[in-house]
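K.L.:
Those protein sequence lines, which keep their order, are chains A and B. Residues in the first sequence are numbered from 1 upward in steps of one, following this note's numbering. Residues in the second sequence are numbered from 1 upward in steps of one, following this note's numbering.
A couple of the hints might just be wrong.
Said to hold, decoys possible - One side of the interface only, derived from the structure: several residues of chain B facing chain A at Cβ under 10 Å:
#1 Q31
#2 A154
#3 P158
#4 H159
Since the hints were derived computationally from the structure, they do not count as laboratory data. Nothing here was measured: the structure is a model prediction, and the numbers come from that model. In this text, a Cβ means the ideal position worked out from N, Cα and C, and glycines have one as well.
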Amino acid sequence: MLFNSIEFLIFFPVVVAVFFALPQRFRQVFLLAASYYFYMCWKAEYAILILVSTLIDYVAALRMGKTTEKSARTKYLILSLAANLGILFAFKYANFFNESIRAVLQQFNIFYGFSGFDWLLPVGISFYTFQSMSYTIDVYRGEKEPERRFTTFALYVAFFPQLVAGPIERSVRLLPQLDRTVRFDYDRLISGLRLMLWGFFKKVVIADRLAIYVNQVYNSPGEYQGFTLLLATYFFAFQIYCDFSGYSDIAIGTARIMGYDLMLNFRQPYFSQSISEFWKRWHISLSSWFKDYLYIPLGGNRVSKPRWYFNLLAVFLVSGLWHGANWTFALWGFLHGFYLVFSIWTQKAREAMAGLLKIDRFPLLQRGLKIFLTFHLVCFAWVFFRANSVAEAFLILRNLLRLDFSPAGLAAINVALGWGELLIALGSILLLEVYHLLERTGKLKTLVLGQPRMFRWAIYYALILGIVFFGVFNHTEFIYFQF
Amino acid sequence: MIRKTALFLALLGGLYFLSAFVFSTVGVGDQTLMKIAARNPVTPGGFGFTLQRFQDIQNYRDLDILFLGSSHCYRTFDTRIYAERGLETFNMGTTGQTPLNTYYLLKHYFAALNPKLVVFDLNYRVIDRDGLECFYDLSQNLSYSPEMMEMALAIGSPHALNLAVSKWMLHLSGLAPQFTQKPDEDERYIPGGYVEFTRSLAGEESRYEARFVDQKPRKSPARTVVPREEQLQAIRDVIRLVKANGARIILATKPEPPQNLHAIANYEEISRTFAEIAREEGVVYYDFNKIPLPLDPYAHFHDREYLNPAGVEIFNPVLIEMLYQEVKSGK
């Protein structure tokens with residue numbers, strides 16, 4: 001079930017109403033049933049995968065809790081990791097590796113007959129397997145007691161607001177919340193609805209409109225060049241942000257209404273002044289997952305420099321492949337790893353250069369330049385993320401800089417959307433950034449939330465009517481569903 | 001809390017109608033804010049002659065035959081050929097008209113046109129659509145009617161609903177703009193609703209279209225049409241509406257170059273579905289892609305889809321003969 005569907009607009013109020021009407025002892029079971037129903041609306045049989053992952057991790061953690069012997073605990077951890085990564089590999093990566101093997105063998109004229117598996121990628125598989133694995137790792141490390149009640153743990157894995165696209169929650173945060181008694185809270189309801197409204201606006205008005213332009217250009221990259229490709233790349237940066245952060249806002253909002261707090265997933269990432277800052281602001285739940293469960297176990301930065309560089313490159317390469325079974329994602333991840341290595345390697349030289357040019361005397365200019373540069377590095381990497389193949393990514397990069405400043409060249413940017421819609425797209429991006437600026441400077445609360453009711457309502461009305469009139473309603477799936 | 005919620009919703013409702021009105025009056029030329037917001041590409045009085053057709057419809061009463069369907073309908077059933085045989089007909093086909101659109105159009109116009117026989121052209125190209133494309137056209141070229149609102153609700157797209165509400169608001173305020181039909185270089189409107197090609201394809205266009213006719217079998221992957229349930233139901237609803245009003249209805253699928261049907265992976269299945277609906281509803285269905293006709297893919301077709309005037313001249317007399325046989329047999 002999509003958040004941006006009529007079905008969800010019926011499903012959610014019914015779930016909330018029944019949830020608060022039920023006695024506490026029945027709520028978990030009800031929420032678990034609702035969560036499975038939510039998932040099964042997409043493809044019922046794939047719910048079995050969630051159930052298998054849940055059962056294995058539940059039993060593995062319980063067994064770990066019953067012994068202090070390290071080898072036994074390790075055995076159960078390996079069982080959990082093998083099961084989750086096995087499911088993930090079979091459904092997400094098997095065909096990719098199969099195709100890669102075929103391509104390599106073809107180079108040597110060796111026939112390879114296995115055509116791969118004919119199954120769909122289960123929605124949200126990377127999210128719930130990672131969430132479930134983090135639990136068994138936490139139990140193994142002794143940071144979390146095993147959860148005794150199966151329904152509580154099953155709900156932790158399948159909790160519908162964040163089941164298919166995160167935020168990837170940690171057991172230490174979410175499990176205790178699922179156990180506590182929740183009471184209906186009007187303020188939480190309003191605050192949750194407000195967040196959902198903003199999430200819907202970002203998805204339906206901004207992301208889905210930009211998607212029309214981006215899809216047209218990126219699906220036929222050979223037909224476009226210069227400003228059109230440049231604009232499509234900028235648009236994709238905002239499309240993916242609005243799509244994914246919109247989903248996260250709706251997820252956090254729905255959970256908040258029911259009395260649960262999910263972690264923040266985005267903090268104005270395009271205001272980052274460096275790539276390392278970007279990763280503290282973009283998809284926070286995933287980047288912190290990789291930090292805690294892969295980067296630090298590899299040694300983090302407390303190792304020799306070459307090993308540190310290797311750790312960064314390895315983590316970002318895996319992060320790229322987490323996003324999708326395609327070399328484009330691997331390259332995207334590798335690029336981000338390279339950016340980080342390069343920034344560490346050149347840090348002193350860059351500081352010296354800033355001193356020489358005396359830019360550090362103008363902090364505002366320096367900040368602006370850093371934000372500009374970081375944003376463009378991120379956009380450069382997005383080309384690989386969005387392109388349909390590595391060859392197309394390089395074609396786009398080749399044609400991107402063929403800028404034609406003639407009136408005809410500038411007019412060529414009018415693709416897929418008319419001028420009117422193009423203005424709406426640009427206007428909505430501007431609105432988004434004004435919102436971010438207010439949020440960043442802490443003025444959002446005083447300028448909007450601290451105002452009289454009619455003023456606040458006027459803003460809510462503007463957002464609702466903005467969605468109703470300016471939304472694009474073709475039931476586009478969220479980009480991160482495919483991951 | 002309940003009072004506050006009720007007040008919020010009531011104000012929201014009021015603002016929605018007010019915005020629909022304002023958005024449909026603000027803009028440059030025919031590009032209103034509502035049109036841009038609803039992503040409606042249709043120019044009033046533009047492509048397809050819908051404006052002229054629904055102005056012309058006011059001149060028709062007590063028809064012998066009413067033709068319904070998409071652009072395939074208005075480019076196939078030449079009302080002049082029927083008039084030569086003393087039959088009063090009207091072609092109510094419009095661009096992208098799906099059975100769902102047809103149902104609400106018919107509901108609105110049936111009483112005034114009062115046809116004895118309805119020929120409903122079923123085309124596989126539109127039965128997997130939601131009807132929004134046609135609604136865009138109708139909302140720009142027809143005046144408001146309650147059936148337009150019903151159609152918007154049945155389509156279920158907020159864009160359709162917004163357009164219908166704005167149309168209603170303009171209707172209530174008496175500020176609905178008046179448009180005139182723009183001429184088309186390639187086509188001509190014939191009174192009675194038929195649209196005739198006035199120019200044959202030439203050069204690159206012609207070679208491009210010929211590629212589709214030449215392919216044996218088709219090289220590019222064929223498309224599988226998945227009919228929408230609501231469209232199949234709408235076919236039944238149209239049949240029942242006609243029957244309830246005491247008229248007769250015949251379902252038909254107009255001919256096209258046989259090679260072009262390779263473009264559809266499941267044409268046979270779609271045709272069977274139409275035949276099954278006809279059988280269950282007790283009406284006749286002619287699939288003219290299965291009935292031998294003296295049509296040549298190059299000489300009698302404008303492009304890979306539509307008959308040209310020469311093809312129309314051949315096809316319609318055949319249909320008329322079949323309709324006479326059908327009427328005589330009393331089915």
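K.L.:
Could you run down the list of hints and mark each one as holding or not?
P.N.:
Okay, the hints, checked on the actual structure:
Of the supplied interface hints, the one on B:Q31 holds, with its beta-carbon coming within about 6 Å of a beta-carbon of chain A, less than 10 Å. The beta carbon of B:A154 is not positioned within 10 Å of any beta carbon in chain A (closest approach about 14 Å), and the interface hint is therefore violated. A distance limit of 10 Å between C-beta atoms decides the matter here; for B:P158 the minimum to chain A is near 5 Å, and the interface restraint holds. Because the closest C-beta pair between B:H159 and chain A is about 6 Å apart, less than 10 Å, the hint holds.
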